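J.: For reference, the chains in residue letters:
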Amino acid sequence: MKKPNTQPALHKVIMVGSGGVGKSALTLQFMYDEFVEDYEPTKADSYRKRVVLDGEEVQIDILDTAGQEDYAAIRDNYFRSGEGFLCVFSITEDDSFQATQEFRDQILRVKNDENIPFLLVGNKSDLDEKRKVSVFESCSRAATWGVPYVETSAKTRSNVDKVFYDLMREIRSRKIEDNKPGNSRGKDKSKRKKLKCVIL
Amino acid sequence: MADIADLKIGSSDFNPDKYVRELSQRCVGGQELQQQYQKIQSLGEDTSAQLKRNVYQNYTQFIETAKEISHLESEMYQLSHLLTEQRSLLAALASTSLLGGTNAGAATGGESSTDVTAEPEKQFQIEDEERRRKLTAALEKVEGCVDLIESPARSVIHEGDLLELDPTEGTAMQRMHAFLFNDGLLLAPWIPNRRGPARYKFQTLIELGSFAAVNVRDMGSVKTAFKLLAFPDTRLFQCTSNQSKKEWLEKFEAAKKAALAQEQPKRQESVATSETSPVRSSSVDSSSGMNPFEDNCAVSSPDIAELPEWLLELPEDLDVCIAQRHFEDAYALLQKANQFTFPTSKDPQLLDIRRKVDGRGRALIEVLMKELEVSPDKSLQGGLRAARRAVRLLNQLGRSSQACDLFLKLCSSILKAQLRRVKREGATVVYVKHLGGIFFSNMMDMASEFLRAFPNSPSCASALVVWAGSELTHLTSHLVKQVFMPQSPISTLSECVVTIRTQCDQLTSLGIDLRYQLDGLLRSPLQRALSDARDKAVEAVKLRAVEDKWRPTNLGNKDALTKFVMETGLSPNHMQKYVQGESWIVLSASTVAFTRQYLSLLEDCLRLCTTELAHTVDQVLTDVFGAQLSHVEVNLQSDKLGNPEKSFIQKNAAFLLSELLPLVTKTYQERLNNPCQTLEVLKTKFSWMKPADGDGGEPSPAPAPAKRPTPLPRTTAPRPAPTKYSTVTEYI
Ligand SMILES: Nc1nc2c(ncn2[C@@H]2O[C@H](COP(=O)(O)OP(=O)(O)OP(=O)(O)O)[C@@H](O)[C@H]2O)c(=O)[nH]1
Ligand SMILES: [Mg+2]
Numbered sequence: 001m002k003k004p005n006t007q008p009a010l011h012k013v014i015m016v017g018s019g020g021v022g023k024s025a026l027t028l029q030f031m032y033d034e035f036v037e038d039y040e041p042t043k044a045d046s047y048r049k050r051v052v053l054d055g056e057e058v059q060i061d062i063l064d065t066a067g068q069e070d071y072a073a074i075r076d077n078y079f080r081s082g083e084g085f086l087c088v089f090s091i092t093e094d095d096s097f098q099a100t101q102e103f104r105d106q107i108l109r110v111k112n113d114e115n116i117p118f119l120l121v122g123n124k125s126d127l128d129e130k131r132k133v134s135v136f137e138s139c140s141r142a143a144t145w146g147v148p149y150v151e152t153s154a155k156t157r158s159n160v161d162k163v164f165y166d167l168m169r170e171i172r173s174r175k176i177e178d179n180k181p182g183n184s185r186g187k188d189k190s191k192r193k194k195l196k197c198v199i200l
Numbered sequence: 001m002a003d004i005a006d007l008k009i010g011s012s013d014f015n016p017d018k019y020v021r022e023l024s025q026r027c028v029g030g031q032e033l034q035q036q037y038q039k040i041q042s043l044g045e046d047t048s049a050q051l052k053r054n055v056y057q058n059y060t061q062f063i064e065t066a067k068e069i070s071h072l073e074s075e076m077y078q079l080s081h082l083l084t085e086q087r088s089l090l091a092a093l094a095s096t097s098l099l100g101g102t103n104a105g106a107a108t109g110g111e112s113s114t115d116v117t118a119e120p121e122k123q124f125q126i127e128d129e130e131r132r133r134k135l136t137a138a139l140e141k142v143e144g145c146v147d148l149i150e151s152p153a154r155s156v157i158h159e160g161d162l163l164e165l166d167p168t169e170g171t172a173m174q175r176m177h178a179f180l181f182n183d184g185l186l187l188a189p190w191i192p193n194r195r196g197p198a199r200y201k202f203q204t205l206i207e208l209g210s211f212a213a214v215n216v217r218d219m220g221s222v223k224t225a226f227k228l229l230a231f232p233d234t235r236l237f238q239c240t241s242n243q244s245k246k247e248w249l250e251k252f253e254a255a256k257k258a259a260l261a262q263e264q265p266k267r268q269e270s271v272a273t274s275e276t277s278p279v280r281s282s283s284v285d286s287s288s289g290m291n292p293f294e295d296n297c298a299v300s301s302p303d304i305a306e307l308p309e310w311l312l313e314l315p316e317d318l319d320v321c322i323a324q325r326h327f328e329d330a331y332a333l334l335q336k337a338n339q340f341t342f343p344t345s346k347d348p349q350l351l352d353i354r355r356k357v358d359g360r361g362r363a364l365i366e367v368l369m370k371e372l373e374v375s376p377d378k379s380l381q382g383g384l385r386a387a388r389r390a391v392r393l394l395n396q397l398g399r400s401s402q403a404c405d406l407f408l409k410l411c412s413s414i415l416k417a418q419l420r421r422v423k424r425e426g427a428t429v430v431y432v433k434h435l436g437g438i439f440f441s442n443m444m445d446m447a448s449e450f451l452r453a454f455p456n457s458p459s460c461a462s463a464l465v466v467w468a469g470s471e472l473t474h475l476t477s478h479l480v481k482q483v484f485m486p487q488s489p490i491s492t493l494s495e496c497v498v499t500i501r502t503q504c505d506q507l508t509s510l511g512i513d514l515r516y517q518l519d520g521l522l523r524s525p526l527q528r529a530l531s532d533a534r535d536k537a538v539e540a541v542k543l544r545a546v547e548d549k550w551r552p553t554n555l556g557n558k559d560a561l562t563k564f565v566m567e568t569g570l571s572p573n574h575m576q577k578y579v580q581g582e583s584w585i586v587l588s589a590s591t592v593a594f595t596r597q598y599l600s601l602l603e604d605c606l607r608l609c610t611t612e613l614a615h616t617v618d619q620v621l622t623d624v625f626g627a628q629l630s631h632v633e634v635n636l637q638s639d640k641l642g643n644p645e646k647s648f649i650q651k652n653a654a655f656l657l658s659e660l661l662p663l664v665t666k667t668y669q670e671r672l673n674n675p676c677q678t679l680e681v682l683k684t685k686f687s688w689m690k691p692a693d694g695d696g697g698e699p700s701p702a703p704a705p706a707k708r709p710t711p712l713p714r715t716t717a718p719r720p721a722p723t724k725y726s727t728v729t730e731y732i
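Those sequence lines, one after another, are chains A and B. For the first sequence, counting from 1, position 140 maps to 140 in the numbering used here; every step adds exactly one. For the second sequence, counting from 1, position 60 maps to 60 in the numbering used here; every step adds exactly one.
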């Protein structure tokens, strides 16, 4: 149990969503406080950053995936490694909103966990005049999934930090929950960890 | 002559009828024909023996060859492995000595040239060779991954050195060499202090579908890195340059895309083939022989589809059955195969199966025959029962005659083993009884077992009879050697022979009558033995004659007297005349001894007598009796003896002629159902010696014989009367 003491907790976040919705833009804004106007489709990028979350230094690992990924099977390998998901769509593109259902389903299937830390993110909120997806529509979908809905803008940096921090908080609380002994969920996991502690 | 016969019989246009006709024309008389017949028979025997030997030799050779082949096979494997190693070594040498670029250029140039000239299959072959070579060369450097080479479709897409970093801290962990195959990523850390050809040690092979490569944005110490997400692990690798990282990520993507592309067409193809295949076969029907490959497929595949699976697996199944000695199962499989009507088509696979199955059938027969075969190292413990199974199966396989042959051979060796255990100790009779008992009881068992195993087969039954005959010949020749010796008394012999005969007669209950053969085999030894016995008896007569004092004999006591009378079997009433007092008998010691001896001889002779021996027996009985009568006659005619003695001698003569001889002829008649002519002759010949009253009369000085042939002048005494019996003549 040396590592957790020297190394800050690592939270693994995965950006999912259709191509061109602004996943990379959001990530870059969060990482480097910059907005890239040009659209360059992503394959799979990984970022890491030390941040202070509620006074605690943690590491965030962001996996920015390809929205244009044709092959859903390949995504499984990414999704497995994620601890929390930012499911992004563009409020200016209804198709991207419809696609979120597909991503959600795939994540739940791969992670096999209804309560996986998850945020529904409506991006490009600065382009409200081009809105195609109503807040109501988005909110009700988020409600059916039991997840928060947040609208962001990578361009104006509106709510960018919030979505990452909110997700990290959820991840953190889930980890704490998982480590609690006697928890109904992940009982085996907690037991295993406890056992590990004893051994170490 | 024999050579000519050989030549003719061996020739391909041999015509048996013509041959026999020619032969019979050439030969004069039965004798010569008989000789020819024997010659041909021995030729036939030789041939069958040679055939057997050849079959056996071929069989052993076959086994040896099979062993040799498997040996060769393993050697070929080793060789091919060595060759691939050599080739990869050479390739590695070439690639290190030349510039990588030119090498690659040469390789592609070669490929392009083959593209133009070679057919698609050939090109594929070359590509495959190339692929294999690369793979082997690549993996040569990795320790512990030989099995990876064997994957038929694996090829190397990319390889290079990487530095693995700690995924959380980003610190260097170990130097890695990575191979990207079309189906996975092989990670192999460097061997720190390497010896030998391997530079890297196999760590893991991650399937292409189960990992994701992720570009890692430079941050802090972690630069030019990518991540591998292979749940649950996340591994971080640093590349030597941004260029190399880009290459890796591109190759990963390309590999994944290729794999997916391959999967999809496959799915489409499977749908397509199921749709198109009927069309294709019909097109072949209409225009056959357009493409030899397609034709072959189209024709053979429906046939193969028709063949039941059991038939395809039959040769192997048969092998297993035979090896595990499940002979019945093997036979059942063979039967099943024989009942299966093979399609008439000349399909090579069918023919192959047919041929294989036939071969297995022969192998089964061989094994079964081996079962029955007698060899010194094989125990006969199981006896004939152990042979039942093999015999039954061989019968079922239509190999009755071989089975019968082997079975009888087995019988012979069992019999031999049994007889060898009989030790010659104690009385001869006991020995013979024991030996014969074992012989015939075994033969009984064997014959009944044989008849059970080969029912309703006349040829096998005759083989049994012939076998029994030859075994009997063995036994008798042994007995003749052991028992029929000059010193053996005829009484012993007769007892032995009678024992053997009775034992032999048991076989008639199974329909096997060997009596005639037994008697035939014993005839000449018995003739010899009987003449020996006669000579001995005559000798004894002569010896006793010398000491004959012509005085009544004292048998010692009344019991002995009674015993003598009882033993002779003479009527006590008649014997009364010859009895005097308590223990005296008014007969000379020689007469008494002769009576005893002769009656015992008579008994033996009668016991031994068969139609063939009757003549010899008659001669023996007559000669011996004649010798005694001659002795009496000589003395009766002798001038040396006075009247009282003459009267006593006459009494003895009367006893011999009127009491003993009638008893002998009567017994003879009773036992053999016909009179003994020669003894009758004897009776008439010597009848002059009987007293005139025809009865023995009182032991009183009898008057001189009424009939007396040419009284000899005293001067010429002691000249004997002329007699037929040379022995007696010599004796005087
Ligand atoms: N106006 C506006 N434009 C945005 C915003 N976010 C992204 N864009 C633009 O949308 C385009 C696509 O953005 P990316 O972030 O590359 O999209 P992505 O989701 O990463 O796309 P893939 O990598 O293909 O999955 C870029 O031209 C961005 O400049 C936003 O919040 N507002
Ligand atoms: Mg992107």
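If you're looking for bench data, these hints aren't it; they were derived computationally from the structure. Errors might be hidden in some of the hints.
[Stated by the list, open to error] Pair ranges (Cβ atoms, derived):
#, chain 1, residue 1, chain 2, residue 2, range
1, A, 127, B, 155, 45 to 51 Å
2, A, 41, B, 155, 26 to 32 Å
3, B, 231, A, 179, 53 to 59 Å
4, A, 134, B, 155, 33 to 39 Å
5, A, 41, B, 242, 17 to 23 Å
6, B, 163, A, 40, 23 to 29 Å
7, B, 204, A, 33, 56 to 62 Å
8, A, 52, B, 153, 50 to 56 Å
9, B, 129, A, 50, 37 to 43 Å
10, A, 179, B, 89, 50 to 56 Å
11, B, 189, A, 134, 54 to 60 Å
12, A, 134, B, 242, 19 to 25 Å
[To be verified] Here are the simulated lysine-lysine pairs, DSSO-like style, with alpha carbons at most 30 Å apart:
#, chain 1, residue 1, chain 2, residue 2
13, B, 542, A, 49
14, B, 542, A, 12
15, B, 370, B, 563
16, B, 256, A, 43
17, A, 43, A, 12
18, B, 223, B, 246
19, A, 12, B, 141
20, B, 257, A, 43
21, A, 155, B, 223
22, B, 423, B, 542
23, A, 12, B, 257
24, A, 43, B, 39
25, A, 162, B, 223
26, A, 12, B, 370
27, B, 141, B, 246
28, B, 563, A, 49
29, A, 12, B, 251
30, B, 141, A, 111
31, A, 49, B, 646
32, A, 43, B, 646
33, B, 542, A, 111
34, B, 246, A, 155
35, B, 67, B, 563
36, A, 43, B, 251
Source: prediction; values computed, not measured. C-beta: ideal position from N, C-alpha, C; glycine also.
J.: Please go over all the hints and tell whether each is borne out by the structure.
T.: Against the structure, the hints:
1. Evaluation of the 45 to 51 Å hint for residue 127 (chain A) and residue 155 (chain B) yields a pass: the beta carbon distance comes to about 48 Å.
2. Here the CB-CB span from residue 41 (chain A) to residue 155 (chain B) is close to 29 Å, well matched to the stated 26 to 32 Å.
3. Take residue 231 (chain B) and residue 179 (chain A): their Cβ atoms lie about 21 Å apart, and the range 53 to 59 Å is violated.
4. In this structure the supplied range 33 to 39 Å is violated for residue 134 (chain A) paired with residue 155 (chain B), their Cβ-Cβ distance being about 53 Å.
5. Distance hint check for residue 41 (chain A) and residue 242 (chain B): the Cβ-Cβ separation is about 19 Å, which falls inside the suggested range of 17 to 23 Å.
6. Checked against the hint of 23 to 29 Å, the pair residue 163 (chain B) and residue 40 (chain A) passes, with Cβ atoms roughly 28 Å apart.
7. The hinted range of 56 to 62 Å is not satisfied by residue 204 (chain B) and residue 33 (chain A), whose Cβ atoms lie roughly 39 Å apart.
8. Against the hinted window of 50 to 56 Å, the Cβ-Cβ separation of residue 52 (chain A) and residue 153 (chain B) comes to about 52 Å, which satisfies the hint.
9. For the hinted restraint 37 to 43 Å between residue 129 (chain B) and residue 50 (chain A), the CB-CB distance of approximately 53 Å leaves it violated.
10. A hinted range of 50 to 56 Å holds for the C-beta pair residue 179 (chain A) and residue 89 (chain B), which are about 55 Å apart.
11. Between residue 189 (chain B) and residue 134 (chain A) the beta carbons are some 55 Å apart, a value that agrees with the proposed interval 54 to 60 Å.
12. For residue 134 (chain A) and residue 242 (chain B), the Cβ-Cβ distance of about 44 Å falls outside the hinted range of 19 to 25 Å, so the restraint is violated.
13. A C-alpha spacing of about 145 Å is found between residue 542 (chain B) and residue 49 (chain A), which places the hinted pair above 30 Å, so the restraint is violated.
14. With a C-alpha separation of about 137 Å, the suggested pairing of residue 542 (chain B) with residue 12 (chain A) is violated against the 30 Å cut-off.
15. With a C-alpha separation of about 65 Å, the suggested pairing of residue 370 (chain B) with residue 563 (chain B) is violated against the 30 Å cut-off.
16. Taking the CA atoms of residue 256 (chain B) and residue 43 (chain A), the gap is near 13 Å; set against the 30 Å cutoff, the hint holds.
17. With a C-alpha separation of about 18 Å, the suggested pair residue 43 (chain A) and residue 12 (chain A) falls inside the 30 Å cut-off, and the hint holds.
18. Restraint check for residue 223 (chain B) and residue 246 (chain B): satisfied, since their Cα atoms lie roughly 12 Å apart, inside the 30 Å limit.
19. At roughly 37 Å between alpha-carbon atoms, residue 12 (chain A) and residue 141 (chain B) are farther apart than 30 Å, so this suggested pair is violated.
20. With a CA separation close to 13 Å, the supplied pair residue 257 (chain B) and residue 43 (chain A) stays within the 30 Å bound.
21. Of the supplied pair hints, the one linking residue 155 (chain A) and residue 223 (chain B) holds, its CA atoms being roughly 27 Å apart against a limit of 30 Å.
22. The hinted pair formed by residue 423 (chain B) and residue 542 (chain B) fails the criterion: a straight-line CA distance of about 39 Å is larger than 30 Å.
23. A C-alpha spacing of about 26 Å is found between residue 12 (chain A) and residue 257 (chain B), which places the hinted pair at or below 30 Å, so the restraint holds.
24. Of the supplied pair hints, the one linking residue 43 (chain A) and residue 39 (chain B) is violated, its CA atoms being roughly 98 Å apart against a limit of 30 Å.
25. The straight-line distance between the Cα atoms of residue 162 (chain A) and residue 223 (chain B) is roughly 28 Å, inside the 30 Å bound, and the hint therefore holds.
26. The suggested pairing of residue 12 (chain A) with residue 370 (chain B) is violated, with an alpha-carbon distance near 76 Å, which exceeds 30 Å.
27. Restraint check: the Cα-Cα separation between residue 141 (chain B) and residue 246 (chain B) comes to about 25 Å, which is no more than 30 Å; the hinted pair holds.
28. Taking the CA atoms of residue 563 (chain B) and residue 49 (chain A), the gap is near 140 Å; set against the 30 Å cutoff, the hint is violated.
29. Under the criterion of a C-alpha separation no larger than 30 Å, the hint pairing residue 12 (chain A) with residue 251 (chain B) is consistent with the structure, at around 26 Å.
30. Of the supplied pair hints, the one linking residue 141 (chain B) and residue 111 (chain A) is violated, its CA atoms being roughly 39 Å apart against a limit of 30 Å.
31. Distance restraint check for residue 49 (chain A) and residue 646 (chain B): the Cα-Cα separation of roughly 162 Å exceeds the 30 Å cut-off, and the hinted pair is therefore not satisfied.
32. Taking the CA atoms of residue 43 (chain A) and residue 646 (chain B), the gap is near 155 Å; set against the 30 Å cutoff, the hint is violated.
33. For a cut-off of 30 Å, the pair hint linking residue 542 (chain B) to residue 111 (chain A) is broken: about 130 Å separates their Cα positions.
34. Between the alpha carbons of residue 246 (chain B) and residue 155 (chain A) the distance comes to roughly 29 Å, so the proposed pair stays at or under 30 Å and holds.
35. Taking the CA atoms of residue 67 (chain B) and residue 563 (chain B), the gap is near 82 Å; set against the 30 Å cutoff, the hint is violated.
36. In summary, the hint linking residue 43 (chain A) to residue 251 (chain B) is supported, as the alpha carbons are separated by about 13 Å, within the 30 Å threshold.
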